[in-house]
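Sequences and hints are given; from them, build the entire structure.
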Amino acid sequence: MPALYKKELRLYFVTITGYVFLAFMLLSTGIYSSIVNFVYYSPSFEFAVKNMSMVLLIAIPLLTMRVFADEKKQRTEQLLFILPIDLKGIVLGKYLALITVTLIPAIVMCFYPLILSLYGVVNYKTALSTILAFYFLECALCSIGMFASSLTENQLIAAVITFGALLVCYMIPSVTANISPAYAFSFKAFSAVAVLIALIVFFASSSIPAAVIVGLIFEIPLLIIYFKNPTWLSGKFTTFVSCFAIFDKISTFVNGVMDITVYVYYITVSALFVCFTVQSVGRRRWK
Amino acid sequence: MIEVKGLVKQYGNHRAVDNLSFTIGENIVFGFLGPNGAGKSTTMNMITGCLSPTEGEVLINGRSMFTEPEEAKKYIGYLPEIPPVYEDMTPFEYLRFVGEAKKMPKNSLKEKIEAVMEETSITAMRNRLIKNLSKGYRQRVGIAQAILGEPPIIILDEPTVGLDPGQIIEIRELIKKLGKSHTVILSSHILSEISAVCDHIMIISQGKLVAMDTAENLIGSKDHEKRISIEVKGGRDKAFSALSQVEGLYDLTADEGEKTVFTARFSSDNDPRERIFYKCSESDIPIIDMEIRKSSLEEIFLSLVAKNMDTQESQLREMAERKKKEGES
Numbered sequence: 024m025p026a027l028y029k030k031e032l033r034l035y036f037v038t039i040t041g042y043v044f045l046a047f048m049l050l051s052t053g054i055y056s057s058i059v060n061f062v063y064y065s066p067s068f069e070f071a072v073k074n075m076s077m078v079l080l081i082a083i084p085l086l087t088m089r090v091f092a093d094e095k096k097q098r099t100e101q102l103l104f105i106l107p108i109d110l111k112g113i114v115l116g117k118y119l120a121l122i123t124v125t126l127i128p129a130i131v132m133c134f135y136p137l138i139l140s141l142y143g144v145v146n147y148k149t150a151l152s153t154i155l156a157f158y159f160l161e162c163a164l165c166s167i168g169m170f171a172s173s174l175t176e177n178q179l180i181a182a183v184i185t186f187g188a189l190l191v192c193y194m195i196p197s198v199t200a201n202i203s204p205a206y207a208f209s210f211k212a213f214s215a216v217a218v219l220i221a222l223i224v225f226f227a228s229s230s231i232p233a234a235v236i237v238g239l240i241f242e243i244p245l246l247i248i249y250f251k252n253p254t255w256l257s258g259k260f261t262t263f264v265s266c267f268a269i270f271d272k273i274s275t276f277v278n279g280v281m282d283i284t285v286y287v288y289y290i291t292v293s294a295l296f297v298c299f300t301v302q303s304v305g306r307r308r309w310k
Numbered sequence: 022m023i024e025v026k027g028l029v030k031q032y033g034n035h036r037a038v039d040n041l042s043f044t045i046g047e048n049i050v051f052g053f054l055g056p057n058g059a060g061k062s063t064t065m066n067m068i069t070g071c072l073s074p075t076e077g078e079v080l081i082n083g084r085s086m087f088t089e090p091e092e093a094k095k096y097i098g099y100l101p102e103i104p105p106v107y108e109d110m111t112p113f114e115y116l117r118f119v120g121e122a123k124k125m126p127k128n129s130l131k132e133k134i135e136a137v138m139e140e141t142s143i144t145a146m147r148n149r150l151i152k153n154l155s156k157g158y159r160q161r162v163g164i165a166q167a168i169l170g171e172p173p174i175i176i177l178d179e180p181t182v183g184l185d186p187g188q189i190i191e192i193r194e195l196i197k198k199l200g201k202s203h204t205v206i207l208s209s210h211i212l213s214e215i216s217a218v219c220d221h222i223m224i225i226s227q228g229k230l231v232a233m234d235t236a237e238n239l240i241g242s243k244d245h246e247k248r249i250s251i252e253v254k255g256g257r258d259k260a261f262s263a264l265s266q267v268e269g270l271y272d273l274t275a276d277e278g279e280k281t282v283f284t285a286r287f288s289s290d291n292d293p294r295e296r297i298f299y300k301c302s303e304s305d306i307p308i309i310d311m312e313i314r315k316s317s318l319e320e321i322f323l324s325l326v327a328k329n330m331d332t333q334e335s336q337l338r339e340m341a342e343r344k345k346k347e348g349e350s
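These protein sequences, in sequence, are chains A and B.
Here the first sequence is numbered in our numbering, starting from 24 and rising by one per residue.
Here the second sequence is numbered in our numbering, starting from 22 and rising by one per residue.
Worth flagging that the hints you see were computed from the coordinates, not collected in a lab.
Glycine is no exception: its CB is placed at the ideal position from the N, C-alpha and C atoms.
Mixed in with the good hints there might be a few duds.
Residues from chain A that face chain B, not an exhaustive set, calculated with beta carbons under 10 Å [as the list claims (entries may be wrong)]:
hint, residue
1, Leu-27
2, Val-37
3, Thr-38
4, Tyr-42
5, Gln-101
6, Leu-106
7, Gly-305
Chain B is nowhere near these chain A residues, computed Cβ spacing over 12 Å in every case [to be verified]:
hint, residue
8, Arg-33
9, Phe-70
10, Gln-97
11, Phe-104
12, Leu-174
13, Thr-175
14, Ile-195
15, Pro-196
16, Ala-227
Right under this line is the structure:
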């Protein structure tokens, strides 16, 4: 794994990818900081960081699109399978290189509160905890992008999938405001989710019984709740959808609350998508 | 050293590799021969752990490729059909990455890389980006990657593709040299290359093992047919009609040219020379020359592959007929 990590990290900086990502992130940080802190005379860097999260919609697909897609296209993926590195090592090596690249703008961001302290009173704890949350958000988004890259050999398609997924996550807070809290709607929406999960299982395993069983595992408890205590379902779908509002979680820090559960949430998302990537890369060997 | 047991690879309804079993010993050069789509690359990919089989097992020095892949892969160096090289790296950087990934000792890594580059004649290209190298040099970088770390088993899938004649000879010499201290498995479409380099040959067709022996044994095998060339004096038509009556001769053809020469096939356990002599004598046709020619590796390959295809076709036909009858009853 260390060899792969070093190789990946090096490749980001012998190609244009790493430099474009860094330039884009640092330029965006400068622009947002200029607007939020200098135009509006506010020493709170956390607001600039929160606004920066929108930039990740473009920056993350740009960074992650080549991770596995390019290996497959260039046929170098075969080399990784030949070398005595296990699948977890391959995925972790690449993921660690990704989050090392994203660490660089996060470290540069840490200097902003120091500069702003020359012009006003800065709450370092809030600013630094927000930067840390922002970095963890980047890590979680990188894992999603890496997973998307493992699904295809076309970098552009990988970037589009990542952008689409991140855009949906970004828009969730505005969507949830319009979701009906009625229990009947929740029941229908959860049923649709159960069907969607069953379909995913079917495409992944090509097994109808497995898809039906998984679908029923979700649908039967739902039916029981619907007939026994339907009011329990009221507003539950909104709560469920809010779980995917990955960008919105950072707002907690801006409000001055250092919520450890948000860090745990980002780490969990990262771990989950790293595991999905291991499965996705492993599955290719069966094809 | 390499033990393959009941290897099967199924792609939907298509069986790319069908119950392949064989054992390869130490320090030999083993040739993999087969037409396009025979399952050579699929088999090699499964042996090296790049591809998982539907059924079966591969043991490398007693280690299972599918339950202990990391251990088993330590013994293997593999050059796939398309060299897996990173275009944005130089050969030296690429080989350093491969060496580190193979967990080679750091203190001797540089020397080992230099030695391998020397062996594959890429030292002059060490600092050029791989994307700027010719196809032949890329192939050499791929070979260097496979032999780096001196793995006891080296598997090369079409290693001479894209090389010029001089480079082909060099690579063949290298393979021969490697074969003295390593087990080398070589896949190629070029039959002359296989017969020139390999100690043992395995022929596969439609995913099935058709033959496995030394080149000499395959060529000299009694199971195969031989060819006879007969030169006679006199009219071509008269000689043709006389020779076509000789028992055990088939595929009789008259060669073009000034001389009256015929070529025919016969089963190697049924020498027709005596019968040809008496028949020609009876028909008053003087025999000028008669020569038995052993089948070349190319002919053996083609006949074995054709035989296997015929067998499979007849099996499929029988199955279809059986199903039809079952449907009718």
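Going down the list of hints, with the structure as the test:
no.	hint	in the structure
1	Leu-27	6 Å, holds
2	Val-37	5 Å, holds
3	Thr-38	6 Å, holds
4	Tyr-42	13 Å, violated
5	Gln-101	5 Å, holds
6	Leu-106	4 Å, holds
7	Gly-305	9 Å, holds
8	Arg-33	8 Å, violated
9	Phe-70	39 Å, holds
10	Gln-97	7 Å, violated
11	Phe-104	4 Å, violated
12	Leu-174	19 Å, holds
13	Thr-175	19 Å, holds
14	Ile-195	38 Å, holds
15	Pro-196	40 Å, holds
16	Ala-227	16 Å, holds
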